[in-house]
Structure formats: C-alpha cells, structure tokens
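**Student:** Here is how the chains run, residue by residue.
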Amino acid sequence: ETGVTQSPTHLIKTRGQQVTLRCSSQSGHNTVSWYQQALGQGPQFIFQYYREEENGRGNFPPRFSGLQFPNYSSELNVNALELDDSALYLCASSLGSSGGPQNTQYFGPGTRLTVL
Amino acid sequence: AQSVAQPEDQVNVAEGNPLTVKCTYSVSGNPYLFWYVQYPNRGLQFLLKYITGDNLVKGSYGFEAEFNKSQTSFHLKKPSALVSDSALYFCAVNPPTSGTYKYIFGTGTRLKVLA
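Taken in order, these protein sequences are the chains called A and B. Just so you know, we're using the working numbering here: the first sequence kicks off at 1 and counts up by one. Just so you know, we're using the working numbering here: the second sequence kicks off at 1 and counts up by one.
In short, the hints are calculated from the structure, not lab data. Just so it is clear, the structure is predicted and the values come from calculations on it, not from any experiment. Idealized CB from N, CA, C, for every residue including glycine. Treat each hint with caution, since some may be false.
To be verified - Derived CB-CB ranges, DEER-like:
| id | chain 1 | residue 1 | chain 2 | residue 2 | range |
| --- | --- | --- | --- | --- | --- |
| 1 | B | Asn41 | A | Thr14 | 32 to 42 Å |
| 2 | B | Gly29 | A | Phe60 | 16 to 26 Å |
| 3 | B | Arg110 | A | Thr9 | 15 to 25 Å |
| 4 | A | Thr14 | B | Asp54 | 44 to 54 Å |
| 5 | B | Ser70 | A | Leu116 | 19 to 29 Å |
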C-alpha cells in the first residue's frame, strides 16, 4: 500500500509569485484534503476534494485554489503569495462517500513553503 | 464556535511512567475525535479515533484515549512512556454537523519523555 506523497519537499518563493503544490493520495483513496500549518500552530483546513469536486472550504481567500484529477491526485495553487503564506502545507487522503466525517485522514509529509 | 483545546503546551514525563496528554472540545452534536503525532519535519501520523461505542479506544504504539462526553474530553494516555514517544501530539475533531468534512485541530502538545 502506497502512502500519501507530496512534492516538492521545500520551496522558496517571493511575495507576489504563484506556487503549485502536488499530492498523490494513498492507493484506493478518493478524497483529498489540504491543510496549512503555520509554525507553532495546529493545521488549518483549506479545502477538500471528493471525486474531482470541491467538497468544503475553510476560511481561506480565493487565491487559494485546488484541483483533483481522475486518479485522485491533487494540486494546491496559491496566487499572489504573501509573507504569511509561509507554512507547512499538508495533504491528507481518505476513503469514503464524500469523505465522511468518521473516515480517517492519512497525511503526507508536507511541503514547506517559505515566502520572502 | 466549534473548537478543540489542548491546555498544555508541553508535558514532561520520565521514561517508564504513565503519560496523559489532555484534549477538550466544544462542538455541537456527537463528535468524531482523533489523535495524531508529528515528528520533526514529518507529516501527521494517525494514532487512534473515537467514533462511537466503547469510551476507551486503543490505538497504535500502545496509546489509548478515553472519551468523556460529560466533560467533553478525549485525553490521550499511555501506561509506560518511551523516550521515542517524544513528539508533538495533536487532537482533532470532525464535527458531524459542520456541513463539511474538515478536521479542527488543537494547537498541539509537545511531549518530552526523559530517560
């Protein structure tokens, strides 16, 4: 069984740039969630995708957008980067109808984004 | 507002002693509760979850957690701590009435097990 993988591991960008982060879900999982973890904080929910459709969104501005592909992998795109976007971005996959709340989410190792 | 609290930023315990990491929640309805552990420069690893049924849940690496509805708590426990248990622990709740299937995380508790 292949776990959740994310790329790249680390990324450095400057303010105003755009970034794309990638996630491959665990084998057989059809739901992907993205979280932002700022230094010293718990992860904050960005959004979730189920079968290529957005299935819920947290309190993040529209410049945070995503995609899910037919193979259930996913991308997180952030436009017009700000300094406060510096964080660890975590992807989690799960299996279930619409990512049911009781279904365990399995996390990838994360992408560390630094915005200068 | 729905929330999760981990009242202790850090817990220190001697190796071989029992450990407890505290978590309380404030959500409407019957919550689904989770514990995760995070090692340095790593993602979150699932330890255990409470969905329904027995209030004592057993999970990975000898950890267990007790769901207490009246106290709205879900404390993580282990009978005998190991140095290798030293890590950052997160409690999370997935409110069934949230309308979306998102986890709400606490701010984390750093566990240090001293040899």
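**Student:** Against this structure, judge whether each hint is valid.
**Tutor:** We went through each hint and held it up to the structure:
| no. | hint | in the structure |
| --- | --- | --- |
| 1 | B:Asn41 <-> A:Thr14: 32 to 42 Å | 23 Å, violated |
| 2 | B:Gly29 <-> A:Phe60: 16 to 26 Å | 24 Å, holds |
| 3 | B:Arg110 <-> A:Thr9: 15 to 25 Å | 23 Å, holds |
| 4 | A:Thr14 <-> B:Asp54: 44 to 54 Å | 52 Å, holds |
| 5 | B:Ser70 <-> A:Leu116: 19 to 29 Å | 49 Å, violated |
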